[in-house]
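Undergrad: Protein sequences, first through last, are from chains A and B. Take the first sequence: its letter number 61 is residue 61 in the working numbering, and every next letter is one higher. The working numbering runs 103 ahead of the 1-based position in the second sequence.
Source of the hints: derived by calculation from the structure; they are not laboratory data. Be aware that one or more of the hints could be misleading.
To be verified - Within a straight-line C-alpha distance of at most 25 Å, the following computed BS3-like cross-link-like pairs (lysine-lysine) qualify:
id, chain 1, residue 1, chain 2, residue 2
1, A, 88, B, 249
2, A, 98, B, 119
3, B, 119, A, 69
4, A, 69, A, 4
5, B, 130, A, 76
6, B, 119, A, 88
7, A, 98, B, 123
8, B, 167, A, 76
These are the residues of each chain, in order.
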Amino acid sequence: MSVKTIAGKEVNVSEEGYLEDMSQWNEEIANEIATEIGIELTDKHFEVINYLREKTAAKEALTIRKVGKSGIVDIKGLYKLFPKGPLKFSSKIAGIPKPTSCI
Amino acid sequence: METKEIETKTVKKEKKPLEKVCLICAKGSLEDVYASLVMANGAVMEGIETNVFFTFFGLEGITKKSMNHLHTATTGNPAMKMPGGIPFPTMLGGLPGVETAVSSMMRKQMEALDMPPVDEFLEMITAGGGTIYACKLAVDMFKLKKEDLSDEVKDIITIGEFYELCDGDRTQIIFT
């Protein structure tokens, strides 16, 4: 665990850069992490991000299948929003731990 | 006294992430097909270019009629356990209907873990940019046609064409 300053705020991050405490997250942090990955966030991105945060807060395991059935975006759309890392990148931007799911 | 200069060697470790995986699924039992699908989907989710080649009995996994009703073998499977962990008697596994019942139970348990049925799993893989192929020789052997196969199957190709898809020095071929 280390402390990193993202968007002017000190946050605890894991070795791979995932926020360790989701309550330290805000939208500016999301934007900065996204820029680092190379994604420009739109409202649709935030809909997905908020969904992920809600489910994580409720301690539900996340899979891309679940996101695909959330009614926000289908799986193809999810890949378009977060290319090459539909669950990994979206989780990182959402300030939640690295996904542990295989699906 | 003599002074020796010691050459310090610093070895830089460069990470070379996998760029492409080519999976071959040659067996048609529930666990064999799912092994390929989970690995393929996992690769797609990691941003790795993914090709899956279904051949021989593996074709069961992409044949419309059979793909959502795959079975697991209840005979000759020493790892098979009854609920509670008691070994599954092979004699029992041979009784009519047992394999069907056990297989449907397995599928239910997989669904509980959010593992999708085969048709949906194939869609998930192609949605992420993965590509599914069928082996020409096996398709001919089983007298199948393109329309018998899942719509997610891009093409029926020869093994030579499959190898052509496996180019690149960070490519792995995985046989399941």
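Undergrad: Decide, hint by hint, whether the structure agrees.
TA: Now for the hints, and whether the structure bears them out:
{"no.": "1", "hint": "88/A x 249/B", "result": "violated (35 Å)"}
{"no.": "2", "hint": "98/A x 119/B", "result": "holds (21 Å)"}
{"no.": "3", "hint": "119/B x 69/A", "result": "violated (34 Å)"}
{"no.": "4", "hint": "69/A x 4/A", "result": "violated (34 Å)"}
{"no.": "5", "hint": "130/B x 76/A", "result": "violated (28 Å)"}
{"no.": "6", "hint": "119/B x 88/A", "result": "holds (19 Å)"}
{"no.": "7", "hint": "98/A x 123/B", "result": "holds (23 Å)"}
{"no.": "8", "hint": "167/B x 76/A", "result": "holds (22 Å)"}
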